[in-house]
Amino acid sequence: MGSFQFFTKLDQTLLLGSRAKTIEELLAGIRSVPDSSIYFHTHRFLQQHHFLSPEPPNDFAYWVTNVLGDDALGERLWSVDTVRFNGIGALREKLIDVLENHLASTGRRIECVDGEEFHFMACRTFVLPTGYVAHSVAEFAEVVSKVSINSIYFHVFDAKLRLKTGENDFSRWFRDQGKTALANESKRLDPYSYTLDGLRRQLVALVKKYDSH
Amino acid sequence: MIRIDDYIPIVGEATIEELGLLATRLRGKTVQHINSTAVGGGVAEILSRMIPLLRELGVNALWDVIKGDEKFFATTKKFHNGLHGVSVEIGADEYEHFLEVNRYNAKQLNFADIVFVHDPQPVALVEERAALGKNWVWRCHIDFSRPDPEIWRFLKQFIMRYEAAVFSAPAFSRRLSIPQVLIAPSIDPLSDKNKELDEKTIDAVFARFGIDRTRAVVTQISRFDFLKDPLGVIKAYKLAKEHVDMQLVLAGGGATDDPEGPVIMEQVKAEAEKDKDIFVLFLPPASDLEINALQRGSTVILQKSLREGFGLTVSEALWKGKPTIAGAVGGIPLQIAHKYSGILTHTIEGTAQWIKQLIGAPEFARRLGANGKEHILNNFLITRHIKDYLLLFLSLYNEGDVVYL
Chain A
133 MGSFQFFTKL
143 DQTLLLGSRA
153 KTIEELLAGI
163 RSVPDSSIYF
173 HTHRFLQQHH
183 FLSPEPPNDF
193 AYWVTNVLGD
203 DALGERLWSV
213 DTVRFNGIGA
223 LREKLIDVLE
233 NHLASTGRRI
243 ECVDGEEFHF
253 MACRTFVLPT
263 GYVAHSVAEF
273 AEVVSKVSIN
283 SIYFHVFDAK
293 LRLKTGENDF
303 SRWFRDQGKT
313 ALANESKRLD
323 PYSYTLDGLR
333 RQLVALVKKY
343 DSH
Chain B
10 MIRIDDYIPI
20 VGEATIEELG
30 LLATRLRGKT
40 VQHINSTAVG
50 GGVAEILSRM
60 IPLLRELGVN
70 ALWDVIKGDE
80 KFFATTKKFH
90 NGLHGVSVEI
100 GADEYEHFLE
110 VNRYNAKQLN
120 FADIVFVHDP
130 QPVALVEERA
140 ALGKNWVWRC
150 HIDFSRPDPE
160 IWRFLKQFIM
170 RYEAAVFSAP
180 AFSRRLSIPQ
190 VLIAPSIDPL
200 SDKNKELDEK
210 TIDAVFARFG
220 IDRTRAVVTQ
230 ISRFDFLKDP
240 LGVIKAYKLA
250 KEHVDMQLVL
260 AGGGATDDPE
270 GPVIMEQVKA
280 EAEKDKDIFV
290 LFLPPASDLE
300 INALQRGSTV
310 ILQKSLREGF
320 GLTVSEALWK
330 GKPTIAGAVG
340 GIPLQIAHKY
350 SGILTHTIEG
360 TAQWIKQLIG
370 APEFARRLGA
380 NGKEHILNNF
390 LITRHIKDYL
400 LLFLSLYNEG
410 DVVYL
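First to last, the sequence lines map onto chains A and B. Counting from 133, one number per residue, gives the positions in the first sequence under the working numbering. Counting from 10, one number per residue, gives the positions in the second sequence under the working numbering.
Some hints here could point you the wrong way.
Once the Cα atoms are required to be at most 30 Å apart in a straight line, the calculated DSSO-like pairs of lysine-lysine come out as [as the list claims (entries may be wrong)]: (1) A/K153 - B/K202; (2) A/K278 - B/K382; (3) A/K153 - B/K165; (4) B/K247 - B/K202; (5) B/K365 - B/K247; (6) A/K278 - B/K365; (7) B/K38 - B/K86.
Just some of the chain A residues that point at chain B, by a computed CB distance under 8 Å [unchecked claim]: (8) M253; (9) Q334; (10) V336; (11) A337.
Rather than coming from a laboratory, the hints here were simulated on the basis of the structure. Backbone N, C-alpha and C fix where the C-beta goes; we use that ideal spot for every residue, glycine too.
Build the full structure now, drawing on both the sequences and the hints.
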């Protein structure tokens, strides 16, 4: 029945110096880049555009659609359902699968114009305590409405997918508090379907709903 | 003096708290910025704003400027032009003099724990690293996407001796054996160029230049330089004006190193003389408030560059919530997600079409501007830049993909 310590995370963006002009080169890159690159390109949009739209257009889908102009492949990459994966390895395999199937099904080869190449990047994540602590579910609702968006991001996205804790930190803590229904419902949330501020509001609403029970 | 807390109403308390958390992890370390100019130019501008804020956060930040003679700066100017794709010839004596000046400066300087070297001019100071140790990082502020091979070979021997290199856009990164970090430049929302202005001030600036605010105004703020394509802007304006009423403002400094600059300027002036709705404004260096007002009072902002370093004028326009049409070059695609937070174009005709559409669909234009402003708020303000610098310094002392501080 411990308290919940809110951590935050801040990312440093690394340039890998490799780029792709075609689908083949994109596939080769996805096969060889480190996990932190796959993570970066499937989550950057969400973090940089968190007020813009709840869509989760990963960088690969965005580039294939907007630069190469291949809407169908872009949609297939867009619909890779990140929330279903518990690790980067499996997510990478799914992306490879989509690209390999595409290349096997068409002889069409498109090369992007100069200057619009896909640049592979990665991130280093720095995690540090915010100093905010919740000792009860009621306190949790209060804190979660004021911590930085990076803190929510860390406990929901990084914890599950990158640090492989299986579920997000919030639902795990609710379970420890004996709030099983709240834990289950917050675990079931598809965080990729919300903007980050929308996700914050959703969490607060869920906690209020169950804490009054 | 601007204080770090002055940014809280803009970016929120949590963001400033996070900067404080990072800064405490750097206690006891001294960070020394080294560049080649104390005033003028983007690097000096950002350092003069950032260093007091770093100090306020508790980071011991220093700033040293190297000294050089005319021959040294003539050589580094050639480096600059050569790195931007202009054909230049640099003699062996010029390379040698460049090294002598760097070595002279190295003797005069006391190096701190973290030596943060900006741009090519002081790059060879790193020769001292073998003897002194310390943590050395090199920051490139210029477009490195197509460097002159000979200059690149010369600079690379020094760059490779740093612990990390920092670039402003992904396209500028090279295949290097040292880590490369992406740190985009930023704008300061509290500077004269970007702070909020009241309508009266904006009206006064427009009235002074004789521009009618009751009609649509399309504006490009930039140097009169071939790479900013002012003639292409005029062509796009003329095409669009066949269908929609508007005025065009081309405003910026006249200074340019482009040998074709004067020719372009004459052509721009000649075009403007034929059309009373084209306003060509040659602004002196201290015109930040005027630029701010021109951007805020415009209907649509253009940045139709053919090549671009980062193109911070795009961030300036978006920060003011302005629908912006810009060339998809350099760092501009980092600032605009096409049709979400602005419009990216490749041609004069495409630019003309979008000018018409944004003037004709003000609600769509307003949404682009609002999204653009949010994007700049989250990614291109000075507070994000400070965060990136703090992470860079911390990364010199910590390894791994995930670092617990």
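Do the alpha carbons of A/K153 and B/K165 lie within 30 Å of each other, as the hint requires?
holds (25 Å)
(message) For B/K365 and B/K247, compute the direct alpha-carbon distance and say whether it is at most 30 Å.
(response) OK: B/K365 and B/K247 at ~11 Å, within 30 Å.
query: Are the Cα positions of A/K278 and B/K382 separated by 30 Å at most?
result: holds (22 Å)
Open item on the list: Quick check on A/M253 please, does its C-beta sit within 8 Å of some C-beta on chain B?
Closed with: Nearest chain B Cβ about 6 Å off; hint holds.
**Prompt:** Is the hinted pair A/K278 and B/K365 satisfied, with a Cα-Cα distance of at most 30 Å?
**Reply:** At roughly 42 Å apart (the allowed maximum being 30 Å), B/K365 and A/K278 break the hint.
- Message: Given a cut of 8 Å on the nearest C-beta pair, is the interface hint for A/V336 held or broken against chain B?
- Response: Result: violated, 15 Å to nearest chain B Cβ.
Mind checking the alpha carbons of B/K247 and B/K202 for me, to see if they're no more than 30 Å apart? holds (29 Å)
**Prompt:** Per the CB criterion, is A/Q334 less than 8 Å away from chain B?
**Reply:** violated (19 Å)
If you take the shortest Cβ to Cβ gap from A/A337 to chain B, is it below 8 Å? Violated: closest Cβ of chain B sits about 20 Å from A/A337, beyond 8 Å.
Hint check: B/K38 vs B/K86, CA-CA at most 30 Å. Holds or violated? violated (33 Å)
*Would you check the hint for A/K153 and B/K202, treating anything up to 30 Å between C-alpha atoms as holding?*
violated (38 Å)
Of the numbered hints stated above, those contradicted by the structure are hints 1, 6, 7, 9, 10 and 11, listed in ascending order.
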